[in-house]
Structure formats: structure tokens, C-alpha cells
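K.L.:
Chain by chain, the residues:
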Amino acid sequence: DAKTTQPPSMDCAEGRAANLPCNHSTISGNEYVYWYRQIHSQGPQYIIHGLKNNETNEMASLIITEDRKSSTLILPHATLRDTAVYYCIVRVARSGGSNYKLTFGKGTLLTVNP
Amino acid sequence: AAGVIQSPRHLIKEKRETATLKCYPIPRHDTVYWYQQGPGQDPQFLISFYEKMQSDKGSIPDRFSAQQFSDYHSELNMSSLELGDSALYFCASSLGTGTDTQYFGPGTRLTVL
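First to last, the protein sequences are chains S and U. Counting along the first sequence from 1, when you hit position 94 you're at 95 in this note's numbering, and nothing is skipped either side. Counting along the second sequence from 1, when you hit position 40 you're at 49 in this note's numbering, and nothing is skipped either side.
What the hints contain is simulated information worked out from the structure, not anything from laboratory work. Think of the CB as a built atom: it goes at the ideal place given N, C-alpha and C, for glycine as much as any other residue. Incorrect hints may have been included.
Said to hold, decoys possible - Covered stretches of chain S (in silico footprint by chain U; criterion: 3 or more residues with CB under 8 Å from a CB of chain U, positions within the stretch not fixed):
(1) 38-50
(2) 103-109
What the hints assert, rightly or not - Non-contacting residues of chain S with respect to chain U, defined by C-beta distances greater than 10 Å in every case (computed):
(3) Ala14
(4) Ala18
(5) Asn54
(6) Thr57
(7) Ala61
(8) Thr84
(9) Pro115
Here chain S stands alone, though its shape is the one from the complex:
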């Protein structure tokens, strides 16, 4: 799986959009970009994933650059409850065989301030 690079920490004001970047310059054509977050000591929470098109769900939007070497997770209106470590993970889609584990990097600690 391709490696990812994320800033170690970011701050955001409550009510503002939080834009979390991720670099994955070695991503392969069959690898998806997944985003998870972990609020202190809780189980990682799935947020969103995408292959090459931008994606949006009730939690967030995912913008993937045309060359797929980087992406941005957008929380449109951050709240205090969004304070967490956000992980960007690249992984192949499942198509038989094994090795579908998630490899967690250091992630970005997002702190939402009042």
C-alpha cells in the first residue's frame, strides 16, 4: 500500500470549515483513499473514501487531485466534537486474496477551538 503524509496537527475555529490535507504520491491506480478519525481512545470511525472522483457524505467531503497524488478531507462546519486524530489511509479495493489491512500512519490531530 502507498504511504501517506499528513501534518501532525491543525487547529480550526468552531463553525468554520476544516481542511485536512494528505499526500499519497506513490498511490497506485487500484488504491482507494480512506479517511478515519479517532476520538481519544475510542474505536477509529470511518468517515469517507474515494478512488478518483470527489465524494461527499453526511460527515465530510473528499477532494482528490486529478493526478491522485494528494487529497483533502473537508469538514464543512467543524464542531468541538470533531476534535480527533484524522487518518488518511491508502488501500487496494478487495478483489480476492488477502492483505486488506489498514495501515495507520501518524495522522493529524485536529483541534477545534471555541
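For this one, chain S is given, so just place chain U on it according to the hints.
P.N.:
Leaving out everything else, chain U in the frame of chain S:
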């Protein structure tokens, strides 16, 4: 919606004892993954099962073993516990097709004294 269930949520053991952690996947999910998260560290993959067969193995000590049962629940058995085994243990489940999105349980906090 039903989520992944893990039990127990907290477990305290002495060194050299054994521990069994249980994971009940989301209904209809056939794949289970186990992860370990040490203090101040990021989750690390241990082992996974698909349709009751081991499908992948990570940095799991030989003292640990796991299996998936006919009802798809999984158990992680840990023997000869060491202080360094103190960690959060997460189970995730997925429907073994397509993008195979994994959904995590709340974790079991194991403390070895």
C-alpha cells in the same frame, strides 16, 4: 444501525495469565480484523479472518492466537501475558466485497499488572 460489539470493554490481568477478547461483527459481515494500539501509538494490524479462515497476519506474537467461528464472531486468545501487552485492542468488521470498508468496535482495554 448495529455496530461491532467487543467484550469485555476492560480487562485487568496479571503477568503470565491468559486473556480472551471477543468480537461480534456487524450482521452479515464475514470479515474480521484485529488491531492493537499501545499507549501513545497508532493502531497496528494483528490478524484477520474471512469466512472463518485466517486471511492475513501482521505483527502478532506467537503467544496470541485467534479464530473466527461459524457465526462469524471472533476471539483473540492471549497467553503468557506481558506488561507490554497492555493496550487497546480493536476489532473491525467488513462485508468482504468491493471496497471492503472496515467498521471498528469500541475496543477492549487490556491492562497487565
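K.L.:
Of all the hints numbered above, which does this structure not satisfy? Sort the numbers upward.
P.N.:
none
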